[in-house]
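Using the sequences plus the hints, can you model the full thing?
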Amino acid sequence: MRVLFINNLGGGFADFINVEESTNIERFFKDKMQGEQTSDHLIRVNRQPVPREYVLKDGDRVTITPTKIDGAAC
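The end of the sequence shown is residue 74 by this note's numbering, with every number in the run present.
Just so you know, the hints here were simulated from the structure itself, not pulled from any lab data.
In this text the structure is predicted, and so the values were computed from the model without any measurement.
It is possible that some hints are incorrect.
[As the list claims (entries may be wrong)] Quick list of the computed label-pair ranges, beta carbon to beta carbon: (1) Met1 <-> Lys68: 27 to 35 Å; (2) Asp58 <-> Glu26: 14 to 22 Å; (3) Lys68 <-> Glu20: 15 to 23 Å; (4) Ser22 <-> Lys68: 25 to 33 Å; (5) Glu21 <-> Lys68: 30 to 38 Å; (6) Phe13 <-> Gly59: 17 to 25 Å; (7) Ala14 <-> Pro49: 16 to 24 Å; (8) Ala14 <-> Gln34: 16 to 24 Å; (9) Glu20 <-> Arg44: 28 to 36 Å.
Note that CB positions come from ideal geometry on N, CA and C, so glycine has one too.
What follows is the structure in structure tokens.
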């Protein structure tokens, strides 16, 4: 199935990608954001925050935005 993936880490990008049926958002994050921690990102599907168990559907829009920016002052 196909989802729109919007990655706001660094320069960011948006692209349609294919994912396996029954992929949940936790698995998707681990596959696409290797080396990153879920606790450091806001993960939304169709503009809404979702739990890690959320199973992606064809046509979903996944947005991953960092909540911490390296080098930024608090």
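Hints, one by one, checked against the model:
At roughly 31 Å, the beta-carbon separation of methionine 1 and lysine 68 lies within the given 27 to 35 Å, and the hint holds. With their beta carbons about 19 Å apart, aspartate 58 and glutamate 26 fall inside the hinted range of 14 to 22 Å. Taking the beta carbon of each, lysine 68 and glutamate 20 are about 30 Å apart, not inside 15 to 23 Å as hinted. One distance hint, 25 to 33 Å for the beta-carbon pair serine 22 and lysine 68, holds here, with the actual separation near 31 Å.
In this structure, glutamate 21 and lysine 68 meet the distance hint of 30 to 38 Å, their C-beta atoms being roughly 33 Å apart. Taken as a hint, the range 17 to 25 Å holds for the pair phenylalanine 13 and glycine 59, whose Cβ atoms sit roughly 19 Å apart. Separation of alanine 14 from proline 49 is about 19 Å and conforms to the stated range, judged on CB atoms against 16 to 24 Å. One distance hint, 16 to 24 Å for the beta-carbon pair alanine 14 and glutamine 34, holds here, with the actual separation near 19 Å.
Take glutamate 20 and arginine 44: their Cβ atoms lie about 21 Å apart, and the range 28 to 36 Å is violated.
Checked against the numbered hints above, the structure violates hints 3 and 9; every other hint is satisfied.
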